[in-house]
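S.K.: Each chain is listed here by its residues.
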Amino acid sequence: MNLADVWFVLIAVLWTGYLVLEGFDFGVGMLMPIVGKTSKGKRVLINTIGPVWDGNEVWLITAGGATFAAFPEWYATLFSGFYLPLLVILLALIVRAVAIEYRSKINDENWRDRWNLAIVISSWVPSILWGVAFANIVRGVPIDETATYTGGFFNLFNPFALLGGLATLAIFFSHGAIFLSLKTSGTVLDRAKPVARNASIAAVVIGALWALWLQLAYSENAWTWGALLIAAGGLLGAAWFSRVDRFGLAFTFNAAAIVGVVVLIFGSLYPDVMPSTTDAAFSLTVDNARSSQTTLVVMTWVAAIMTPVVLAYQAWTYWVFRRRLSEDHMPEHNELTFRKN
Amino acid sequence: MEALELARWQFGITTVYHFILVPLTIGLSILVAIMQTAWVRTGKQKWLRLTKFFGKLLLINFALGVATGIVQEFQFGMNWSEYSRYVGDVFGAPLAMEALVAFFLESTFLGVWIFGWDRLSKKVHLASVWLFAVGTNISAYFILAANSWMQHPVGAEFNPETGRAEMTDIWAVLTNSTALVAFPHVIAAAFLVAGSFVAGVAGFWLVKKTRANHGDTDLPMYRTALRFGAVTMIVAGLAVVYTGDLQAKLMFEQQPIKMAAAEGLVDTETGAPFSLFAVGDLNNDPASVRHLLAVPGLTSYLARGDFGAEVKGLNQLQEEYAAKYDPDAQYRPNLAVTYWSFRLMIGLAVFSAATALAALWLTRRGAYTDKKWFSRLAVWSIPAPFLASSFGWIFTEMGRQPFVVAPNPTGSDMVYMLTQYGVSKAASPWEVGISMAVFTLIYAILGVFWYRLIVRYAQEGAPVIEQPALDDDDAADRPLSFAY
Numbered sequence: 001m002n003l004a005d006v007w008f009v010l011i012a013v014l015w016t017g018y019l020v021l022e023g024f025d026f027g028v029g030m031l032m033p034i035v036g037k038t039s040k041g042k043r044v045l046i047n048t049i050g051p052v053w054d055g056n057e058v059w060l061i062t063a064g065g066a067t068f069a070a071f072p073e074w075y076a077t078l079f080s081g082f083y084l085p086l087l088v089i090l091l092a093l094i095v096r097a098v099a100i101e102y103r104s105k106i107n108d109e110n111w112r113d114r115w116n117l118a119i120v121i122s123s124w125v126p127s128i129l130w131g132v133a134f135a136n137i138v139r140g141v142p143i144d145e146t147a148t149y150t151g152g153f154f155n156l157f158n159p160f161a162l163l164g165g166l167a168t169l170a171i172f173f174s175h176g177a178i179f180l181s182l183k184t185s186g187t188v189l190d191r192a193k194p195v196a197r198n199a200s201i202a203a204v205v206i207g208a209l210w211a212l213w214l215q216l217a218y219s220e221n222a223w224t225w226g227a228l229l230i231a232a233g234g235l236l237g238a239a240w241f242s243r244v245d246r247f248g249l250a251f252t253f254n255a256a257a258i259v260g261v262v263v264l265i266f267g268s269l270y271p272d273v274m275p276s277t278t279d280a281a282f283s284l285t286v287d288n289a290r291s292s293q294t295t296l297v298v299m300t301w302v303a304a305i306m307t308p309v310v311l312a313y314q315a316w317t318y319w320v321f322r323r324r325l326s327e328d329h330m331p332e333h334n335e336l337t338f339r340k341n
Numbered sequence: 001m002e003a004l005e006l007a008r009w010q011f012g013i014t015t016v017y018h019f020i021l022v023p024l025t026i027g028l029s030i031l032v033a034i035m036q037t038a039w040v041r042t043g044k045q046k047w048l049r050l051t052k053f054f055g056k057l058l059l060i061n062f063a064l065g066v067a068t069g070i071v072q073e074f075q076f077g078m079n080w081s082e083y084s085r086y087v088g089d090v091f092g093a094p095l096a097m098e099a100l101v102a103f104f105l106e107s108t109f110l111g112v113w114i115f116g117w118d119r120l121s122k123k124v125h126l127a128s129v130w131l132f133a134v135g136t137n138i139s140a141y142f143i144l145a146a147n148s149w150m151q152h153p154v155g156a157e158f159n160p161e162t163g164r165a166e167m168t169d170i171w172a173v174l175t176n177s178t179a180l181v182a183f184p185h186v187i188a189a190a191f192l193v194a195g196s197f198v199a200g201v202a203g204f205w206l207v208k209k210t211r212a213n214h215g216d217t218d219l220p221m222y223r224t225a226l227r228f229g230a231v232t233m234i235v236a237g238l239a240v241v242y243t244g245d246l247q248a249k250l251m252f253e254q255q256p257i258k259m260a261a262a263e264g265l266v267d268t269e270t271g272a273p274f275s276l277f278a279v280g281d282l283n284n285d286p287a288s289v290r291h292l293l294a295v296p297g298l299t300s301y302l303a304r305g306d307f308g309a310e311v312k313g314l315n316q317l318q319e320e321y322a323a324k325y326d327p328d329a330q331y332r333p334n335l336a337v338t339y340w341s342f343r344l345m346i347g348l349a350v351f352s353a354a355t356a357l358a359a360l361w362l363t364r365r366g367a368y369t370d371k372k373w374f375s376r377l378a379v380w381s382i383p384a385p386f387l388a389s390s391f392g393w394i395f396t397e398m399g400r401q402p403f404v405v406a407p408n409p410t411g412s413d414m415v416y417m418l419t420q421y422g423v424s425k426a427a428s429p430w431e432v433g434i435s436m437a438v439f440t441l442i443y444a445i446l447g448v449f450w451y452r453l454i455v456r457y458a459q460e461g462a463p464v465i466e467q468p469a470l471d472d473d474d475a476a477d478r479p480l481s482f483a484y
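Line by line, the protein sequences give chains A and B. With our numbering, letter number 111 in the first sequence gets 111, and the count goes up by one each step, no holes. With our numbering, letter number 470 in the second sequence gets 470, and the count goes up by one each step, no holes.
No lab work stands behind these hints: they were computed from the structure. There are no misleading hints in this set.
Computed list of lysine to any residue pairs in SDA-like fashion (alpha-carbon distance at most 25 Å, straight line):
#1 A/LYS40 <-> B/PRO479
#2 B/LYS372 <-> B/GLY215
#3 B/LYS122 <-> A/LEU311
Quick caveat, the model's predicted, so the values are computed rather than measured.
All chains should be modelled from the sequences, with the hints used to inform the complete structure.
M.R.: If you want it as structure tokens, here you go:
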């Protein structure tokens, strides 16, 4: 296994970290009107992810940076090719970050409602678009001999990609509901549980369907059937354990399902990183998109030292903020208003 | 407009905007950590109140900084994919390290700090604000190492097989002489920004409260904050000048044409003067430059430490570059932008430091001040170092043009890139145009909220801290001390 393969795996690991962690952040955001319902209930939801959401998002920044460093050609072709969907994702992430921080800075129901709406929309949109993007990567897109994407915008919206978007949406939605069943108490918990039960079943159906399509139509490798089984088994386990009220296990199985999906996607690609539908000879591969040996050696050392450290302190923050939240834990709104008293 | 122009405008807009927020976060994170340390060590209530007051303003600022920072990393790929292909092997590494080493640290421990007031011991909580602040400052180092490589590529060579620059020595990249002076310069500027922010807000409150009631119990707190901010400004101001001088000397060697443009120096001269005011046409024609006011020999002194030294001019450098690189290219940066942004950077920074002296003088020997003019000066001097920082970046980035990676005169001749070849081939002008329009619009809207929140919270003054009734038996049922 050469270092480029190691980095292919590491980038899959970074994306797994991102999708497992921000997956439930997005889910929580999407569920604001459904599980949160009231002003206080919505506030409970946001505060379940309050201390951790920002750290979770750094997994994306790291995945992006690592792709830039380890596979510059992949980074360049992907980001310039998927231009408009990526733009929409970025806008959603910008608005979402500001909305979470600013919603309770002013004590005014309208102010909070508007930022809440922004959080909801900016959680739904990337949940769909990440699936669309990954589905297109696996499916292959038109790439010419200069490694330039030539497909245009609408090429990205094909049935397989749209189902992929629905699959990430369903998985994140259910991931968020299961997370809330672990992290809340009282009336919010009462509303979260049935949503988790139903959503996890929907995730099994949509997720398994898409995974099967992927494996049959686009996988380069037979061993990814194993990843598909992990993904499907994880989703099934999440649905089953939600049913019997064991949400710790349900969350673990759902996380395993996301790991399975990422392994399926990356395993199906290998040795390509971005297959070209124009001509297989133009495909970006682990070998032709990689950085030099020097760069990969340096990056491997940095990743080998820093990743365990990051995992350790992030795990510690989850431990510090482990208690369940209910409406009773929400402090009085005593923020300022724009009008001075 | 072509995709190239649009992509350049977009980079300029998003980066200058981002860097309005960043220096305040870099400096204020450390200042707030110091305030909290003072509280933990002395137990004085005023330090706790100041920590909470400036901490809240820091959070409002940080949120938008993070949000606009995401774009920074992605737009290299979106708009500058050919640049990314050419430099990724070298340039990508510090970006990835920045995320792994710094961004995780700052984002994770900021969350711990915000929500941890009642969940952690005082010392662990204090450690969290320091880890956040240190993470923020480390991130500055990595991104400046990346930028410095664009100004002065080291530790890399051109690989004709892959057609791109490849890393030969990461240590050289991370200890680039350019980065070693850019980092302290930028950090000092960030402290000038944060110091003037603290001094400006505290000065406003000190004057207001003193005028209302000379015996107000808040006066010692605001006086402390004012002097804390002012001392920060003076130390930072001196450091900015010192590091700026080092940087200029280095840049005369590494990017002589940038400095010739900054000085409007048309032809090579010995004993070159420092121009204070010049006019010229806007067609970037060096022949049109007229210096109306100049200090003799000063540019030579700044460049070489010798008033009589020779400094190369635009015309001679153009010939040198044309002989060495593409003979048809125009190597002069935009003269008007380079010349004036350089002077505005210096002038605004000096103005800012001057207000700090006034603050220390007025509050000497335990005095308070009720001078209305000082209150106005304090508030009006807040934007000055922000603008100085922006002009500094506009100068150094515009001065690097027409290169995106400027050639290193003592390094590999093949490692450089003209900006025009860096732009994405896949992104059409209308795509780049849409993204530029949307980013600008959304940044403008969010900027209005940012500004109104900062002003509103600054106008409210330091909060009075109520001691919560501690009842450890049902700690699990206690409401959160902070919630979104």
